[in-house]
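Enquirer: Now for the letters of each chain:
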Amino acid sequence: MNFDFTEEQTLLDNMVTSFVRDNYDWETRCSIVKTEEGWKHENWSQFAELGLLGVPFSEEHGGLGGSPTDLMIVMEQFGKGLVVEPYLPSVILAGGLITNLGSKEQTNEIVPKIISGDRRYVFAYAEHQSRFDLFDVKTSAVKDGDNYVVNGFKSVVFGAGAATHVIIAARTSGDQRSKKGITLFIAETGSQGITLQNYPTIDEYRASEVIIENLILSKDSILGDIDEAYDAIEEEIDKSTIAACAEALGILEVLKDTTTDYCKNRKQFGQPISKNQVIQFRLVDMMMEYEQAKSILYMAITSDLSDPIERRKAVSALKSRMGQAIKFVGENAIQLHGGMGMTEEYMVSHYFKRATMIGVLFGNVDYHMKRFIDLTQSNIEKLEN
Amino acid sequence: MDTAFSKEDLAFQKEVRDFIHNNYPQSLRDSINAKRKNGEDLSREDFTDWHKILGKHNGWSAPSWPKKYGGAEFTPTQKYIFEQECAKAECQYVMPFGVNMVGPVIYTFGNDEQKEKHLPGILSGETFWCQGYSEPGSGSDLASLKTSAVKEGDHYIVNGQKTWTTAANHADWIFCLVRTNPDAPKPQQGISFLLIDMKTPGVTVRPIYLMDGSNEVNETWFDNVKVPEENLIGEENMGWTYAKFLLAHERSGIAGVARSKKAIERIKQIAKSEMSYGEPLIQDPAFQRKIAEAELELKSLEYTELRTLAKDSAGKGPGPESSLLKIKGTDIQQRVTELAMEAVGYYSNPHLGSTLSNEFVGPDYAANLAGSYFNFRKASIYGGSNEIQRGIISKMVLGL
Ligand SMILES: Cc1cc2nc3c(=O)[nH]c(=O)nc-3n(C[C@H](O)[C@H](O)[C@H](O)COP(=O)(O)OP(=O)(O)OC[C@H]3O[C@@H](n4cnc5c(N)ncnc54)[C@H](O)[C@@H]3O)c2cc1C
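Protein chains in written order, with our numbering: chain A, 1 to 385; chain B, 1001 to 1400.
Among the hints, a few may not be true.
[What the hints assert, rightly or not] Calculated pairs, DSSO-like style, for lysine-lysine (alpha carbon to alpha carbon, straight line, at most 30 Å):
(1) A:LYS275 - B:LYS1395
(2) B:LYS1035 - A:LYS34
(3) B:LYS1244 - A:LYS275
(4) B:LYS1261 - A:LYS327
(5) B:LYS1244 - A:LYS138
(6) A:LYS294 - B:LYS1290
(7) A:LYS256 - B:LYS1268
(8) B:LYS1290 - B:LYS1268
(9) A:LYS138 - B:LYS1272
(10) B:LYS1311 - B:LYS1328
(11) B:LYS1272 - A:LYS275
(12) B:LYS1290 - A:LYS370
(13) B:LYS1067 - B:LYS1146
(14) A:LYS370 - B:LYS1067
(15) B:LYS1272 - A:LYS34
Honestly, the hints are just simulated from the structure, not real lab data.
All chains, full assembly: derive it from the sequences and hints.
Expert: This is how it looks when you write it as structure tokens:
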């Protein structure tokens, strides 16, 4: 039994920690989110220089061959700094899909460019009606000679405005909600037929509506096998969910620590408010929620992610439990700060907002609770069809 | 025990419903909806238009005020009906600072000139009031407030800073708690209740932005502000007593039951349009249960409020039970904003109305729902935080 980081992991942790410390002080971050693009190109170049863009990719392509634990380390520190560059949607999620499904030619071509920072891919999967069901895909790709014509609408695609390429999940056969019949296509975001409607999100990240109208793509732009993308989509979203939870954990740590400090310093009725037992117990509960969230994250990281059933169970256990911790720690962090917690000026509200929106990302508490129940309390075969 | 409406009550209900139907301006509805959709702050007119219409109709802008001061003097049942109908029709609420807060203090403790000067404007909605209690160092511990008022001839000279002042950016007048005797044996004994014209030289208002980007609260600074002594309410150094009266005075509406009911209705509408697992969300058992739980908690609260009102009308005086209404009422308000946000899934993300986005995205009903969840975290903080309210109940009701 060992929950320690390896020597390399400690180095990675130190490196990301110092990046955040040196490049992401609060004022700098606030100025980044107010810019037109909402992220900073120099930071991306620095990620490239530090090797961070290569963490999940194989050494053969110039990456670090990192594990989910390595990604957890990066994301936890990014969470602590509320780093807004689209690392999760592009490097982890889209990068994961490319590694998972790409042909030798595709990975040889694409992965080095992701690692060098020259290209950013994002994955457009959600549609309004799909909610969190990854197989609910209306966007269609119809074969036309050697090409495909894609039409559809993708909702709330994080990081799309910063991306050079978008991976589109489209239906090539089957019903709207069938797992079979989904194919992934890669397109340049500037392609004719793609319109991006970019906007800031409530937690100061960026997302886009992706409107696809008669987008013509050659069959070379297909990622993986025709009709067979679903399993890889689910797997990569699951892995990204773990990474998102690592980010959330970093945020919860800041919320818990900041709130504890604040209560020690804020005086009312002639004494620090932390002298009231109700405040003490609340802070203890926040701390326990944080520890429990950390434990379930470690559970997921150390589970056998190569076994699809184990992976699904672990990820849904993690995401639903993390969602509950986010709500408890986040809401109480605001409450114990009183009016100060409500303000835009003070940083605690920004952490709360980001954590809350991570609670929605890749499925909320209810969604993952149901998935966990279906996997553990009912007939598993039912799910496999 | 009887909670059925009498014939008169039913007639009153119809009267209110018809009045709203015939008089609530469509332009106001449109203006407020457009601002909600675009995440903009409401204007002064948005806050006062409906107030002004009610003010011209039998004192309906002031449901609790005695008739002799121009109020409607509704019975508790009438007040309840009035609130239900206004909420059902989604009328903009009347700002509480004038009508519910300073008004009753003025007609109870003020002199005739003060009543004559201030009550008509409060009633009609011409004068916009705000509340200057909290200071940076004095929130829950309000009695520690430091803003000073020093008597010089027939004036007070006021210095200090108030904060979290809701709508100070719109207000004509502010009612303040100020320290007139720094040497009183107890801090509560050195506080006075002062009305200050916001246009007086030396008053500065600075916006505070909340986490949803809205500017509803402000800092209000006083730099050698000269306030005529006739603006003092009641006696010097008795301000704490008046403030406590004010807190205990206006019970109705504190729980926001009618508005929460309407909010739950709206969530159900949203849940009919949103899909989950390929079916309308309203059919998802987990979500159904959450809605039902909120409804049941609200139903209980509705009857708790009615019990409190009935007791009050029997002349027993409102008690610390109002803390229960505040805690449970704000719990539910927060819960419904959370459920609404949850209902729209990914479409809770877009931040509309920020200077960085110009096009509307997502379904109309999803606009600003996350913003509203974040904004309503305030409800368990303001008006005496829910921790402070629990303290009151434990001390005053349970005798702990
Ligand atoms: C949106 C908004 C609008 C407002 N509008 C107005 C307004 O118009 N006019 C006005 O005067 N004020 C207004 N307020 C101020 C409001 O009344 C104060 O925020 C509130 O009294 C809490 O004070 P504080 O913010 O200083 O928090 P603090 O008093 O510092 O409290 C911080 C935390 O400690 C807890 N706490 C403090 N003391 C104790 C204790 N003894 N036991 C247990 N827990 C304790 C509190 O519950 C809270 O969770 C508004 C506030 C907000 C957020």
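Enquirer: List in ascending order the numbers of the hints, as given earlier, that are violated by the structure.
Expert: Of the numbered hints, 5, 7, 11, 13, 14, 15 do not hold.
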